[in-house]
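Student: Sequence:
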Amino acid sequence: METTWTNEASSSFSSSSSSIPEQFKYDVFLSFNGVDTRNNFTSHLLAALETHGFHTFRDDTKLNRGEYIGYELLKAIEESRISLVVLSKNYATSRWCLDELVKIMECRKTVQQIVLPIFYNVEPSDVRVQKGSLVEAFAKHEECLKEGSDGRVDKWREALTEVANLSGWDVPKVANGDEAKLIQKIVEEVGNILDIARINVADHQVGLESRLQKLDVLLNMESSNVCIVGIWGIGGIGKTTIATKEYNLIQHMFEGSSFLANVGETSKQPNGLVSLQEQLLSDICRNRTHNVRNSYQGIEVIKRRAFCRKVLLVLDDVDNVQQLKALAIDRDSFGSGSRVIITTRDISLLNLLKVDEIYAPKPLNRSESLELLSWHAFKEDHPKDNYLDLSDEVVAYAGGLPLALEVLGSLLYGKSIPEWKSAIAKLKKIPHFDIQAKLKISFDSLSDEVKELFLDTACFFAGTYGNSTIKILEGCNFFAAIGIRVLADRCLIKYGPCNELLMHDLLRDMGREIVRQESIKEPGRRSRLWYKEDALEVLRDGTGTEAVEGLFLNFAEPNDIQVNPRAFEKMNRLWLLHLDYVNLKVLVKLKFLYLSHCYYLTRTPDFSGLINLEELLLNDCVRLVEVDKSIRCLNKLVLLDMKNCKNLEKLPSGVWMLKSLECFDLSGCCKLEKLDRVKGSPSKSLSSFLFSWTLRTKRMVGLSPASVQGLSCLTQLSIADCNLSHLPSEIGSLISLEMLDLCRNNIPTLPESFFNLASLKELYMNYCGVAQLPGQIERLVSLEFLGLGGNNLISLPDTLCNLTCLTTLDLYDCNVSHLPDGIGKLVSLVYLNLAQNGLRTLPDSLCNLTSLEFLYLNDCNVTHLPSEIGRLTSLETLDLGGTRLLAMPDIVLPKGRRSTRGTRTGAHHCTGGVQGRNTEREAVAKPRGEGGFRLQARYVKVAMCLIEHGG
1 METTWTNEAS
11 SSFSSSSSSI
21 PEQFKYDVFL
31 SFNGVDTRNN
41 FTSHLLAALE
51 THGFHTFRDD
61 TKLNRGEYIG
71 YELLKAIEES
81 RISLVVLSKN
91 YATSRWCLDE
101 LVKIMECRKT
111 VQQIVLPIFY
121 NVEPSDVRVQ
131 KGSLVEAFAK
141 HEECLKEGSD
151 GRVDKWREAL
161 TEVANLSGWD
171 VPKVANGDEA
181 KLIQKIVEEV
191 GNILDIARIN
201 VADHQVGLES
211 RLQKLDVLLN
221 MESSNVCIVG
231 IWGIGGIGKT
241 TIATKEYNLI
251 QHMFEGSSFL
261 ANVGETSKQP
271 NGLVSLQEQL
281 LSDICRNRTH
291 NVRNSYQGIE
301 VIKRRAFCRK
311 VLLVLDDVDN
321 VQQLKALAID
331 RDSFGSGSRV
341 IITTRDISLL
351 NLLKVDEIYA
361 PKPLNRSESL
371 ELLSWHAFKE
381 DHPKDNYLDL
391 SDEVVAYAGG
401 LPLALEVLGS
411 LLYGKSIPEW
421 KSAIAKLKKI
431 PHFDIQAKLK
441 ISFDSLSDEV
451 KELFLDTACF
461 FAGTYGNSTI
471 KILEGCNFFA
481 AIGIRVLADR
491 CLIKYGPCNE
501 LLMHDLLRDM
511 GREIVRQESI
521 KEPGRRSRLW
531 YKEDALEVLR
541 DGTGTEAVEG
551 LFLNFAEPND
561 IQVNPRAFEK
571 MNRLWLLHLD
581 YVNLKVLVKL
591 KFLYLSHCYY
601 LTRTPDFSGL
611 INLEELLLND
621 CVRLVEVDKS
631 IRCLNKLVLL
641 DMKNCKNLEK
651 LPSGVWMLKS
661 LECFDLSGCC
671 KLEKLDRVKG
681 SPSKSLSSFL
691 FSWTLRTKRM
701 VGLSPASVQG
711 LSCLTQLSIA
721 DCNLSHLPSE
731 IGSLISLEML
741 DLCRNNIPTL
751 PESFFNLASL
761 KELYMNYCGV
771 AQLPGQIERL
781 VSLEFLGLGG
791 NNLISLPDTL
801 CNLTCLTTLD
811 LYDCNVSHLP
821 DGIGKLVSLV
831 YLNLAQNGLR
841 TLPDSLCNLT
851 SLEFLYLNDC
861 NVTHLPSEIG
871 RLTSLETLDL
881 GGTRLLAMPD
891 IVLPKGRRST
901 RGTRTGAHHC
911 TGGVQGRNTE
921 REAVAKPRGE
931 GGFRLQARYV
941 KVAMCLIEHG
951 G
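At position 870 of the sequence shown (counting the first as 1) the number is 870 in UniProt numbering, and the numbers step up by one without a gap.
Think of the hints as simulated: they come from the structure by calculation, not from any bench. Computed from a predicted structure; not experimentally measured. All residues carry an ideal CB built from backbone N, CA and C; glycine is no exception. Hints may be right or wrong, so weigh each one.
[What the hints assert, rightly or not] Pair by pair, the computed Cβ-Cβ distance ranges are: (1) Val622 with Asn564: 32 to 40 Å; (2) Thr464 with Asn225: 42 to 50 Å; (3) Ser712 with Pro774: 18 to 26 Å.
Between the sequences and the hints, there should be enough to build the whole structure, so can you do that?
Tutor: What follows is the structure in structure tokens.
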């Protein structure tokens, strides 16, 4: 019979790839008995192998023969990639040949050597069980080795059985016994195996072994499942090297294998996807030619012909999900035990594919970096004398990137110490073009907007806090949040432990070099200026142009710099200006000043020159103590954000009366004692005034009757957790107020004027010590949200039921014993929280709330639900946990959901739940019996209820 070579690695074979020799000295080891085949078949086979360039070792008379095979022969077997075993009639008569075979089969297990048997005029079945001519041979061996054999005969028999079970060639049955054609087939098979295995790997594989061990764990070669592993990281980190080395080590364990290099780049060439498909088909199907007309046809051909077997695929440098689709990467199409390795700079591709594991190689550590640099710079594994400090500088600059270390090492090879110093100084300002080109591949794949965001980060924001940066950029109409996510997915930035934006130094320098190339000799024609000398030159000489969009100028201590009076005149596209310790008085046109998170800022600068400023952000300046009185000059200021300035004790008088001010946030300014009262009216534009968790006095500080009356445009007022004991009667003059937050104060009563707030839509009074809700509450006709949780309200006024606009009513933990009978008039109510109250019964009118979606009754004393509760057709969530229901109504859960019942401490335990809110509900509430209804809801919770009867 003719049998072709297939997968050699049985399921029980799982030797670690780390045990495989780094290099095989021989392509083929030829094992044969010269008596049978030396001058015919083996001689012709050897000549054909050598003609095709395969380095072949054959066991011939060159080696001194003895009772046991020698060290040289054992070493030759170990150093061969393939062993061809010619099993002839007299093969088993030679103890030498049998010892060879034992060693060959051992190497198959320990170094994953490929073994191909050739049955030359013997039956594979005879070899398998040692029949026929082998009987006599083994009888002689056993006679001669009666004593002192150490199980040698048993090892021979085991080796013969193993080799006979492998796929190979039965000479009489191949090509009708034509030995020339058989030899041609054998040489082609050897060529297929060796051609695939020989993929070049870096000469100096520093740190590669440990990284391969981690990849081996993720590949889990012992498993018969299909496994897809992504290798993700920055350009130059060694993804391709790791994947190549792993491929070389394990590819022979599969029925077919293919390594597709530079997938992203190749796919962009004319007919590139088709080219990749044809290469994959050729590799998997052993050089069979496939003409693919188009990429769509190629997908089907690949699925039909290539992926029905156990295969190994490496897809290198994938940068678009369409490339994966074109190559039909679908785990359901692969044979059992297949492995796919994908290298990419974009983690989002791996997430879309739902790979099994993602391996992100770490940069080389200092020791590894020094060794790799030394191999290239000094041709040895350590730096030369007097070069260690300079080598450390280069290692620090390279940041653990193997690519950079190789390039820089080669650049510095043979250079003197002064030349090293000069080269390092130049690199810090102008990156090496080879490194730049490699890293720029990731940049070139970005959309135009994300490219701009990358350059902004490289020039200005590397090392800053992520939330701050996003706030700055989105304040300038950039979609920063999604852009930052894209950069992180592409391994161009990452978040540090304190949420800071981290960028590899070489990536940062690459971005800055892109900007420098915009105008090498004239900084004023670049889009971004971050280098101190360049920024000073532009400001002093007035050479800035409309190209300039951002300028950073940082000093360690205050500096008076000479600025051309017309320095900013042509910079009409400038949107980002950052100055540290710079005295500059020419910012007349500045509209946006962002000083948030300035942790060492104790006093604000002089604002008197910023007459056009519209937004001033000082939030989270935790050491800020004083605000310069010049802030009162900012008559165009619309937004003043001073949230969480924890050490701020006072503000200049009249700050909140700036005539254009609309939003003033003092939340979290916990040391602020008061707002000084001033003559005149507050800003008529003020619409949002927030100072929750701020004022610690027991009065409405700074809000005099006259000043409160002047806040006619105020729509939001937050004074939560301010230790207030009462509200001034003038509060009712805030006729535009829509949101009022009074939570966690001690305000047991409300002034009569409070109920004049006819525009109020949201009222938060949780934990305010309210004991009784006045009947005048009905005058708040616009109220939509009412939060009263945590108060000691025993009852509710009937007038509450006249608030027909109310959509949310939070009465959590209020000790309410009964609800008004008119509760059903709240026809707009969507959310009703009655948890942890003293309710025993519910009024029947509750069933009129047809808009109600959320009803919380947990930990109440309710024993019965209204009989017509099924009329709550909009109900999505019903929480009855901890109640004392005597009967459970019928419940219709949405399709696909289930209700479970159990027993706990003698009581029925009934729960029902859902996973999300997008499930279709039953169309309508269904009548049952005489006017009864079956309740439908998306989520029903009645856990830990004492139920005597389950409905």
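Student: Does the beta carbon distance between valine 622 and asparagine 564 stay inside 32 to 40 Å, or does it fall outside?
Tutor: Holds: the Cβ-Cβ distance is about 36 Å, inside 32 to 40 Å.
Student: Evaluate the given range 42 to 50 Å for the C-beta pair formed by threonine 464 and asparagine 225.
Tutor: 44 Å, holds
Student: In this structure, is the beta-carbon distance linking serine 712 and proline 774 contained in 18 to 26 Å?
Tutor: Check passed, 25 Å falls within 18 to 26 Å.
In this structure, none of the earlier numbered hints is contradicted; all agree with it.
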